[in-house]
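Asks: The lines below spell out each chain.
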Amino acid sequence: MTRVYVSQDMAAVALGADAVAEALANAGADVVRTGSRGLFRLEPLVEVEMPEGRVGFGPVAAADAALVLDGSHPARLGDVAAVPFFARQQRFTFVRCGVIDPLSLDDYEAHGGWRGLAAARAMPPQAAIDAVKASGLRGRGGAGFPTGIKWQTVHDAPGSTKYVVCNADEGDSGTFADRLLMEGDPFCLIEGMAIAGHAVGAERGYIYIRSEYPFAIRTMREAIARAASIVAPFVLEVRVGAGAYVCGEETAMLDSIEGKRGEVRAKPPLPAIAGLFGRPTVINNVLSLAAVPFILSKGGEAYAAIGFGRSRGTMPVQLAGNVRNGGLFETGFGITLGELVMDIGGGTESGRPVKAVQVGGPLGAYFPPSMFDLPFDYEAFAAAGGLIGHAGITVFDDTVDMAHMARFAMEFCAHESCGKCTPCRIGSTRGVELIDRLIAGEDRAADAVERLPQMRNIARGTRPAEEEIELLRDLCDTMKFGSLCALGGFTPYPVLSALDHFPQDFGAAAAPISSAAAE
Amino acid sequence: MNATRNDRSIAGDATHADDYAAVVARLVEDMGGEQTVLLPMLHALQEEFGYIDDLMVPAVASALNLSRADVHGVVTFYHDFRRRPLGRHRVRLCRAESCQARGAAAVERTATERLGLRMGETSPDGRVTLDAVYCLGLCATGPNAMIDDVPVSRIDPATLDRLLGDLMR
Numbered sequence: 002m003t004r005v006y007v008s009q010d011m012a013a014v015a016l017g018a019d020a021v022a023e024a025l026a027n028a029g030a031d032v033v034r035t036g037s038r039g040l041f042r043l044e045p046l047v048e049v050e051m052p053e054g055r056v057g058f059g060p061v062a063a064a065d066a067a068l069v070l071d072g073s074h075p076a077r078l079g080d081v082a083a084v085p086f087f088a089r090q091q092r093f094t095f096v097r098c099g100v101i102d103p104l105s106l107d108d109y110e111a112h113g114g115w116r117g118l119a120a121a122r123a124m125p126p127q128a129a130i131d132a133v134k135a136s137g138l139r140g141r142g143g144a145g146f147p148t149g150i151k152w153q154t155v156h157d158a159p160g161s162t163k164y165v166v167c168n169a170d171e172g173d174s175g176t177f178a179d180r181l182l183m184e185g186d187p188f189c190l191i192e193g194m195a196i197a198g199h200a201v202g203a204e205r206g207y208i209y210i211r212s213e214y215p216f217a218i219r220t221m222r223e224a225i226a227r228a229a230s231i232v233a234p235f236v237l238e239v240r241v242g243a244g245a246y247v248c249g250e251e252t253a254m255l256d257s258i259e260g261k262r263g264e265v266r267a268k269p270p271l272p273a274i275a276g277l278f279g280r281p282t283v284i285n286n287v288l289s290l291a292a293v294p295f296i297l298s299k300g301g302e303a304y305a306a307i308g309f310g311r312s313r314g315t316m317p318v319q320l321a322g323n324v325r326n327g328g329l330f331e332t333g334f335g336i337t338l339g340e341l342v343m344d345i346g347g348g349t350e351s352g353r354p355v356k357a358v359q360v361g362g363p364l365g366a367y368f369p370p371s372m373f374d375l376p377f378d379y380e381a382f383a384a385a386g387g388l389i390g391h392a393g394i395t396v397f398d399d400t401v402d403m404a405h406m407a408r409f410a411m412e413f414c415a416h417e418s419c420g421k422c423t424p425c426r427i428g429s430t431r432g433v434e435l436i437d438r439l440i441a442g443e444d445r446a447a448d449a450v451e452r453l454p455q456m457r458n459i460a461r462g463t464r465p466a467e468e469e470i471e472l473l474r475d476l477c478d479t480m481k482f483g484s485l486c487a488l489g490g491f492t493p494y495p496v497l498s499a500l501d502h503f504p505q506d507f508g509a510a511a512a513p514i515s516s517a518a519a520e
Numbered sequence: 114m115n116a117t118r119n120d121r122s123i124a125g126d127a128t129h130a131d132d133y134a135a136v137v138a139r140l141v142e143d144m145g146g147e148q149t150v151l152l153p154m155l156h157a158l159q160e161e162f163g164y165i166d167d168l169m170v171p172a173v174a175s176a177l178n179l180s181r182a183d184v185h186g187v188v189t190f191y192h193d194f195r196r197r198p199l200g201r202h203r204v205r206l207c208r209a210e211s212c213q214a215r216g217a218a219a220v221e222r223t224a225t226e227r228l229g230l231r232m233g234e235t236s237p238d239g240r241v242t243l244d245a246v247y248c249l250g251l252c253a254t255g256p257n258a259m260i261d262d263v264p265v266s267r268i269d270p271a272t273l274d275r276l277l278g279d280l281m282r
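Chains Z and A, in that order, give the protein sequences.
Counting with my numbering, you get residues 2 to 520 for the letters of the first sequence.
Counting with my numbering, you get residues 114 to 282 for the letters of the second sequence.
In isolation and in its complexed conformation, chain A is listed as follows (with noise of 0.2 Å):
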């Protein structure tokens, strides 16, 4: 499921505006042209295209009878909202308090060195992104990480080093 959304997501590097403008305008027939539909409206272009393309700004600003500033200001406020694709596969490992008291920060290191890649960044094939995530809400069980739509607790460097290898091959 997330490998078809990010072969459209490089598809969706050749789409123009129009294109998105067409998206947008189906997305405000269905949720409404009000100013409170701007969050769900991005979740579902990042949701259709893998992420929000500086191009899709002017099509939901115009939309939603905002100025480009608003709808950039809110791309760049949250977190959630890429101006870049992720990679085929996204592994996202927990940081917070709870996961360091149960060994998080020996994960990550593992997850940096058998990438070769920092916290958010993509490797340079495109493979695999690594994120950090603040809190799954699995604090009894961690260290934790969520594997593309797949949450795993209890990861310790070996488990993780074999996760990572599944998703290398």
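Bound-form chain Z, shown alone (with noise of 0.2 Å):
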């Protein structure tokens, strides 16, 4: 019987993959499942076992079945790993997503599982973090905070009661790095987790899983209870969100995980001190835990050989929206966003010119294709006035407009915002408003209190265009720097990254300001 491999990934069988496994298997082949490679332009992919090795075909359809079963399908890709979309990548993470059956347990440790938290376990918790910290590891949920030096407070908090929780809320749009490797590769997280654990004396952890990810959460679930034995006495929870944005907030989350609404925490105290029911807690995303497995395995200085400047190793990139290869692209930092964007996404699946990236979700910035010398790099990226967040590319060709981009941005905070800080329960709101303003290109007349005899030091004339955006600058100011969180604290990037790189798209009012306000 023909071995073949076709995904079960959420994106797969959004497109089709149920009914090419389908087929295959009436057609008498042993279908296996296994995660995506992450190129999605290919799937429904199909893999079939040859005596030249694994062949790929794709995109599949479940008439093709035969076709494909006798190597003649006209789609055919050779070893998918050679594809230079895969050639061209650095998977430390991601080596296994794609390749294995990501709940069987021989797969996972006859293709390097596991090996992590042997060597982990094999050492003091000191050692395993001072690894950690060798490698460089930053957070990759955004914040980039070096994760050793977190795992280090963990360590040294007093109290015999700590937990890891994972941070699995993945809700930026044009992000789902986390769904595939949870989807693809779970032991690797729970790896990750384990060795997390074992650093900072844990005994407990909980992964957060957005609702909106039912697939991962079947996942995940299924390979916790496979491997409760391996990772004993460490004990493991999947905990399902309830569609709060606001949950990713990972002071937001603890609460949430706690029974209660998802509101944001002033700190300090840090969640590494108090986090999760008051305890010392380590919180990690995803991605920096299943980073983990590779730098015990392998040495912390092996992952620090490769990146750029503060930023070590390898980031999992997302090209996403209106890209001609959109996918899971791991590489080593450095790149710059115009060869992410041109040379491996291929420019936009329309054919029409990029008119606007946005880099790191909805909180994320967007840039111009001048920007695109810009390399893949923290500090590279906040010194542009934006951000790498969570690594995901949404790609816009020329017709997007970006004052209703804008407009969203403020319009998505008012609808995630917790409610808990002003500037952003009230700042979103406004800023709804003032861009439709903008765009309806109404000057705004004053209102009733305004125009009161007593409101002595405000403007009482009717605000045109002009004062309207010096308004929406000042707002974003004050949202930035006074909310308590992300959410409130980066809207403002897209805002601004808009108004001031396409200000045409904001009436004739924005382009003077804006050259002005650049400093």
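Mixed in with the good hints, there may be bad ones.
Said to hold, decoys possible - Facing chain Z, from chain A, some residues (calculated, C-beta under 7 Å):
1. Glu210
2. Ala218
3. Gly250
4. Cys252
5. Ala253
6. Ile260
7. Pro264
8. Val265
Think of the hints as simulated: they come from the structure by calculation, not from any bench.
Note that this is a predicted model, so its numbers are computed, not measured.
Glycine included, C-beta positions come from ideal geometry on N, C-alpha and C.
Each chain sits in its own coordinate frame; assemble them with the hints.
Replies: And the structure:
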């Protein structure tokens, strides 16, 4: 019986992989369901075990089963790993994704699994922390905080009960690496969390997965059950979110796990000192924890050997939106934005010119093609007025209206604000109103309160667009520095970057002000 | 599977608070009675009855030793928890940036026109609920939708029209 591999990743299923797998099984093939390799243009992708190795075909329709099995299907790719999109990658974290059966312990072990955990458990906790420090690994959720230092803080915090929490609330549009990993190589995340548990002295871990990821929830739960005896005494539990974007913020997530409204906590105290149930808690993103098994098995230096400046190791970049080669591209830091979007991504899928790319999800800045020489690096992006975030890149063609996207950023913030701090709760709504007036090209008349005689310090005339833009910038400033967390604090990134780089979309009034305010 | 759940949810309308308390007691046996199980418990109740009836709130509050305000606050904070039943089918269209970049607005327009519903509404005959979702993590192959429990990518107005036609039949 011919063995074939078909992805059961949610993205592949959404493109018809289940029907393809069924057709292949009906045609007598032995079907193994894997995660996705990560190039969605090829899904549903089928790999057939042949004498020369695994031979890929994609995309494949259910009706093509016979052609695939006899090797004559026209979409024959040969060795999938040799496809340029994959050959150019440096896969440290995603090396098994799309290759193995995600829930097979034998497959995981045969492909290098559990070696990091074995190495960690053979050394004292401090040595494991030192290895993570030496790797230079920084938080992949977006903040870029050094993971080893976070672990050290939890390790040093007094108390016998500590926790490891994995942030798998991947709510940013344009990002899907967490989902891909949880569906394609769940044991890798489990191993990383068990290593973290050993390093900081925690015996219990939670994985908080958003409810929009039903496939990942199912796979992680099953993987946890299968690996329970291997990671024992470390115990893991999946917690399912409930549609609140703000729960991706670490302290809101802790409140949510505790059974409360997902409202952001003021810091300090840091979660590393007083986190879940008031105990010292490591909170790391899926990609940070999934990088750890490599670091422990191959050594921190091997991980740190590639990268750029203070950004060490690899970043699983996600190419999304209107892009030809959308998917997961894991590579060392330092590659330029233009290489990612144009060379690897292949430009827009619509074939029209790229107008803007948004990096880092709904709270990330929009960049024009004139900034495509930016190297992918935490510091370089911060200096350019943006952020890497979770490394999702959403590509837009020239049909996009950037004033509309700026409005959407404010609207999304208003929709998802937890309501705890005023700049985010009120500012986002005022921001939507402001941008609406700019789009409509209406001057704003003074309202009844502003016309009161006792309101001496405010302008009482009609506010023209120039002043509205000034007000929008002022509002963004308040949100950026006055909000409790990144939701209100980073919403100004997409708004201001749209205003700075695409003033023409905001009407004629935007152009002169923006160049003066750019300083 | 969705149909059975919602048939039960219609029966759930007539269920008395005592019955909710019995289900909550069963869940406490399973999960424990600490506050930390509140979200898992609400998910389980919604899975069983299709929505979170206001009458469930006192039962949950007393089982977990919380105030009713605490439980109400949590139910209303999270977008996932519904206080009314859904239609028999649920169509969720992604509205986030990556799907917008691939033409989600046109798909949304088709859906609202074809169903005669605004986003978030259920048809008067209870057949279908139209909802927005902010990202399904399928961001390279949008516009995306979840139709009941099935993810669908690369939707255009024509395919959506066909899919909705299947649901309405």
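Asks: Indicate, hint by hint, whether the structure satisfies it.
Replies: Okay, the hints, checked on the actual structure:
1. Below 7 Å, beta-carbon pairs count as interface contacts, and Glu210 (chain A) has one with chain Z at about 4 Å; its hint therefore holds.
2. With a least beta-carbon distance of about 9 Å to chain Z, the hint placing Ala218 (chain A) at the interface is violated under the 7 Å criterion.
3. The beta carbon of Gly250 (chain A) is positioned within 7 Å of a beta carbon in chain Z (closest approach about 4 Å), and the interface hint is therefore held.
4. Of the supplied interface hints, the one on Cys252 (chain A) holds, with its beta-carbon coming within about 4 Å of a beta-carbon of chain Z, less than 7 Å.
5. At about 2 Å, the closest approach between the beta carbon of Ala253 (chain A) and any beta carbon in chain Z falls short of 7 Å, and the interface hint on this residue holds.
6. With a cut of 7 Å, the hint placing Ile260 (chain A) at the interface with chain Z is violated, because the nearest CB-to-CB distance is about 10 Å.
7. For Pro264 (chain A), the interface hint holds, the least distance from its beta-carbon to any beta-carbon of chain Z being 4 Å, beneath 7 Å.
8. Taking 7 Å as the C-beta cut-off, the interface hint given for Val265 (chain A) holds, the closest approach to chain Z being about 6 Å.
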